[in-house]
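Participant: Sequence:
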Amino acid sequence: MLQQSRDTADSAPRPSAAVSVALVYDSGPAVNRWFAGLVTELRGSGKSLAGLIQDDVPQPGRTRCDMVLHELATGRAMSISEDLGAGATSCRLSTPRLLEAAQLVEAQLADAEIVFLNKFGKAEADGGGLRDLIAHCIESGKSLVIGVPSGNQQAWTDFCGEYFRTVAATPEPSQEAIPALAALLGQPKTGRAKAGSEQLHVA
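Position 55, counted from 1, in the sequence shown is what the working numbering calls 55; the numbers after and before it change by one each time, with no gaps.
If you're looking for bench data, these hints aren't it; they were derived computationally from the structure.
Each hint should be verified, as a subset may be incorrect.
With beta-carbon atoms standing in for the labels, derived distance ranges [as the list claims (entries may be wrong)]:
id	residue 1	residue 2	range
1	Ala183	Thr95	22 to 28 Å
2	Arg43	Gly161	29 to 35 Å
3	Gln175	Glu82	38 to 44 Å
4	Arg76	Thr40	15 to 21 Å
5	Gly44	Thr74	15 to 21 Å
6	Ser94	Gln187	33 to 39 Å
7	Gly141	Ser27	30 to 36 Å
8	Gln103	Leu184	25 to 31 Å
9	Ser174	Ser150	17 to 23 Å
EDC-like mimics (lysine to aspartate or glutamate), calculated; alpha carbons at most 20 Å apart, straight line [said to hold, decoys possible]:
id	residue 1	residue 2
10	Lys122	Asp66
11	Lys122	Asp56
12	Lys122	Asp111
Where a beta carbon is used, it is the ideal one built from N, C-alpha and C, also for glycine.
With the hints as constraints, model all of the structure from the sequences given.
Facilitator: Set out below in structure tokens:
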């Protein structure tokens with residue numbers, strides 16, 4: 001559970017995020033469209049953003065793409081892939097680079113209203129990766145948008161408990177979906193809200 005993911009998580013009660021949304025997806029390109037649309041919409045309304053969005057960049061002669069994270073507040077791009085050779089099919093995530101990216105986001109949290117995190121992936125489901133950063137965002141009361149592969153949805157639920165809502169990241173968001181979700185994320189916080197595992201009908 002979230003409360004057990006940090007060394008200091010056994011004392012004071014925690015505020016939930018203003019709005020915490022899991023974009024549950026089967027396709028990486030699909031969730032990337034949701035992220036891109038939300039970032040554009042929220043920036044257009046003047047919201048301050050931080051966090052990480054992933055871009056999968058094809059590499060000539062390689063069977064796997066290069067995973068590049070873009071930090072929204074600074075504009076910095078960072079590859080989190082290790083080069084295991086042209087024929088590599090195993091996981092190529094560089095944990096040190098991922099943690100470096102997490103530290104970059106931590107430094108921007110104080111000035112952010114809404115935080116984006118690219119993925120609750122295998123590393124997070126297995127107990128590592130960005131788990132501490134996710135917990136910090138929720139504990140500090142930041143609105144959070146995170147991508148959750150459908151195969152990791154149960155692990156996400158076990159980790160995050162009551163502190164999220166879910167949205168099915170369909171291959172093409174409807175015309176109303178992005179503005180509706182952006183409006184929800186942009187609402188001012190009014191006390192401690194329990195989101196539960198509510199399904200938001202914005203797709």
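Participant: Given a hinted range of 29 to 35 Å, is it respected by the beta-carbon distance of Arg43 and Gly161?
Facilitator: holds, 30 Å
Participant: Should the hint that Ser94 and Gln187 are 33 to 39 Å apart at their CB atoms be regarded as holding?
Facilitator: holds, 37 Å
Participant: Please verify whether Lys122 and Asp66 have alpha carbons no more than 20 Å apart.
Facilitator: holds, 17 Å
Participant: Please check whether Arg76 and Thr40 have a Cβ separation lying inside 15 to 21 Å.
Facilitator: Check passed, 19 Å falls within 15 to 21 Å.
Participant: Is the straight-line distance between the alpha-carbon of Lys122 and that of Asp111 20 Å or less?
Facilitator: violated, 29 Å
Participant: Starting from the range 30 to 36 Å, see whether the pair Gly141 and Ser27 falls in it by beta-carbon distance.
Facilitator: For Ser27 against Gly141, whose Cβ atoms are near 31 Å apart, the range 30 to 36 Å holds.
Participant: Could you say whether the range 25 to 31 Å given as a hint is met by the Cβ separation of Gln103 and Leu184?
Facilitator: Holds: the Cβ-Cβ distance is about 29 Å, inside 25 to 31 Å.
Participant: If you check the beta carbons of Gly44 and Thr74, does the distance land in 15 to 21 Å?
Facilitator: Distance hint for Gly44, Thr74 holds at roughly 20 Å.
Participant: Can you let me know if the beta-carbon spacing of Ala183 and Thr95 is within 22 to 28 Å?
Facilitator: violated, 36 Å
Participant: Regarding Gln175 and Glu82, is the given constraint of 38 to 44 Å on their beta-carbon distance met?
Facilitator: Given about 40 Å between the Cβ atoms, the range holds.
Participant: Could you tell me whether the CB distance from Ser174 to Ser150 stays inside 17 to 23 Å?
Facilitator: holds, 19 Å
Participant: Decide if the proposed pair is consistent with the structure: Lys122 and Asp56, CA atoms, cutoff 20 Å inclusive.
Facilitator: Within the cut-off at roughly 17 Å; holds.
Going down the numbered hints, you'll see the structure goes against 1, 12, while the others check out.
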